[in-house]
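Assemble the whole structure, with the sequences as input and the hints as a guide.
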Amino acid sequence: MMAKKTVEQKIVDPEYLFFEAKREKQFITGSEAVREAVKRANVDMAIAYPITPQSESMHLVGDIYAEGYIKDYFRGESEFAVMSSVAGAAMGGVRVFTATAGPGTLRAFEMFPTWAGARLPIVCDFFCRGVNSPLTIQPDTIEIGFMLDTKMMIFHAETAQDLFDMTLQSFIIAEQPDVHLPIGVFADGFFVTHTREIVEIPPDDIKLPPYDPYKSPVPAMDMETPPIRQMRDPFVMKSNFISYASHASWQQEILAAAERARKHIHKYLGGLIETENEGADILIMASGTAVSQAHEAIWQANQEGIEVGLIKFKVIRPFPTEEIKMIAKGARAIIVPEFNISGWLAKEIRSVIEDNSKVVGAPRVYGGMAMPPELIVEEIRRVAR
Amino acid sequence: MNKGIIEISPGFEDVMPREYIDLVNDGPYGRKLGIDDLGTFKEAIEEHPLCAGCALALALRLVLASLPAIEDTIIVGSTGCSSLAFSQVAIHNIHSLFGNQNAVATGLKRALQIRFPNKTKDVVVMAGDGAIGDIGLETVMHSWFRGENITTIMFDNEIYANTGGQESCMSPKRAVLYMAPTGKKFPKAAMPEVAHAAGCAYAATITPASPKRLGKIVNQAILIAREIGSTYIQIYCPCPTNFKFKPSESLKMAKDRVKDETYLIKEYFSPEAREFVEGLEKGGGN
Chain P
1 MMAKKTVEQK
11 IVDPEYLFFE
21 AKREKQFITG
31 SEAVREAVKR
41 ANVDMAIAYP
51 ITPQSESMHL
61 VGDIYAEGYI
71 KDYFRGESEF
81 AVMSSVAGAA
91 MGGVRVFTAT
101 AGPGTLRAFE
111 MFPTWAGARL
121 PIVCDFFCRG
131 VNSPLTIQPD
141 TIEIGFMLDT
151 KMMIFHAETA
161 QDLFDMTLQS
171 FIIAEQPDVH
181 LPIGVFADGF
191 FVTHTREIVE
201 IPPDDIKLPP
211 YDPYKSPVPA
221 MDMETPPIRQ
231 MRDPFVMKSN
241 FISYASHASW
251 QQEILAAAER
261 ARKHIHKYLG
271 GLIETENEGA
281 DILIMASGTA
291 VSQAHEAIWQ
301 ANQEGIEVGL
311 IKFKVIRPFP
321 TEEIKMIAKG
331 ARAIIVPEFN
341 ISGWLAKEIR
351 SVIEDNSKVV
361 GAPRVYGGMA
371 MPPELIVEEI
381 RRVAR
Chain H
1001 MNKGIIEISP
1011 GFEDVMPREY
1021 IDLVNDGPYG
1031 RKLGIDDLGT
1041 FKEAIEEHPL
1051 CAGCALALAL
1061 RLVLASLPAI
1071 EDTIIVGSTG
1081 CSSLAFSQVA
1091 IHNIHSLFGN
1101 QNAVATGLKR
1111 ALQIRFPNKT
1121 KDVVVMAGDG
1131 AIGDIGLETV
1141 MHSWFRGENI
1151 TTIMFDNEIY
1161 ANTGGQESCM
1171 SPKRAVLYMA
1181 PTGKKFPKAA
1191 MPEVAHAAGC
1201 AYAATITPAS
1211 PKRLGKIVNQ
1221 AILIAREIGS
1231 TYIQIYCPCP
1241 TNFKFKPSES
1251 LKMAKDRVKD
1261 ETYLIKEYFS
1271 PEAREFVEGL
1281 EKGGGN
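Protein sequences, first through last, are from chains P and H.
In this text, residue positions in the first sequence follow the working numbering: the first is 1, and each later residue adds one.
In this text, residue positions in the second sequence follow the working numbering: the first is 1001, and each later residue adds one.
Treat the hints as calculated values from the structure; they're not laboratory data.
Treat the hints loosely; a few may be bogus.
With a Cα cut of at most 20 Å, we get these calculated SDA-like pairs of lysine to any residue [what the hints assert, rightly or not]: (1) P:K151 x P:E253; (2) H:K1119 x P:K151; (3) P:K215 x H:K1259; (4) H:K1003 x P:P227; (5) P:K238 x H:L1097; (6) H:K1259 x H:P1240; (7) P:K215 x H:K1244; (8) H:K1119 x P:P226; (9) H:K1184 x H:I1114.
Take a look at the structure:
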């Protein structure tokens, strides 16, 4: 049902909202940071389905719908249905938001390559959680490993501040006419969603410009956008070379669109990675809350006189291949701490650097286990010997 | 839609295909046309790739001719035989996945209400019995529970035809089909009753052997969906390819099944929908 009331907010340039507007410090949870991002994102429609640890964020998005910040909001019947409904809404030419976690990600999985294939600029937050079996609700980043080849863009937030900035900025990056792809903003469940930290946010009386469907590289399905004889998306399934070539080139174009996103990611996120002391002999490369644990471990190692550099991945897709290749050249060892059993980040790094025997795929914790910095320090000591 | 957006730019007339020129000059957009006018205008469906004698193809043609405002109608389809015809249909249509059509239609309809608050955009789901009754039943029923303002049309050929003839929930009991090698063990699913119980304001069954009645049902189902809530139409579309009868006998098959009551013609109204339709018949409507 369309919202009965609307809140007046001034539309401002994305650059002003992201970089210039005076920010105020608030002591809030990651879920609340999502609410604050969506409040300023000029979202037309949000669709929710409960799953721990995501639910609270979409409750809060429901609250701002009731307050008049969003035009339509409802609870769908499953993650598959929700991801389908946001696809329908995006094809109708509006800006949409949703969020899920772990098993919900897998329940909806068929939709993610479909979003990318249909070139829908949907922004979805994923609050990483372990997957069955056995059932767990605890933090685990295994779902990012499953998502790597969906052709969605993948951002990984370390903190609630990252989650706020990445969620808000994703709309503008996703909707660039030369990109027009979905973005998944991932944050580690509970560690980020349910803990409080200081987040700096701009005022809530300003918001992003609206999505403009007439700038889309693919027509909105509204019977207002030519061509009128248009199927989204036409089948290319005949048994002939032209069909195969069409499908192949379509997929290549999706990857090319993600490549074209790099310049926008540099402009808004300041790059795909962040580095500290990147010339050190020993490097830690990590994403999400593993970065925070690595920071602590590096401080402890410094006390022992061991110098360690840190590479934080903010973006996993498109992968920062050239950056990592270059930085890895000077390193003797690359430690990759991860909150999952598969070690997808270590595999990704190994696949792009010249000497992949440098990569230490450890420590690895999963099933909800914490990652004490001492586990990382042990790996540092081992490679420093 | 403003018809201006499909008009041919000066100088391009001779490079546009004949069928496009015909659509612009003599197409159905913005005209009050119906089943009775077939043969007098350029229809929205071009030559289709479905089998000879396919009753679904005829049903689709009749449905397209019965839309109350084709120029502002968007179709959401699903995987199956019907989806093969949609690339030949000259209105916007979506194929997303097998079975998610009513969830996609929900998002689409609501998005169009946000973007065009002062216009009516009809969102119509057109899909097969597998997409609606089996794999997509969850999204179909929940769109009905929520009372979404969309019409769902099932092309019921009682089989997974496009994949070669497997049993669906809409196949008749005892039919021997792929994946039912000793015959189907349970009766045809009672979808009109399911629709009615799930809150559809209107639910009806029909066959393309009754084109005028089909036209009336489609038209009123879409008008009810605009004003009141979800509506459901189930069209029996005999499949000669998979049920092995002569392509020339499809309509006979449809008539015979209705006559011997192995395909039941039904119609359910909510009280509100009944009142609305009576208002239309008195000339007070649309």
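Requested in this report: Go through the numbered hints given earlier and state which of them the structure violates, listing their numbers in rising order.
Outcome: Hints 2, 3, 7, 9 not satisfied by this model.
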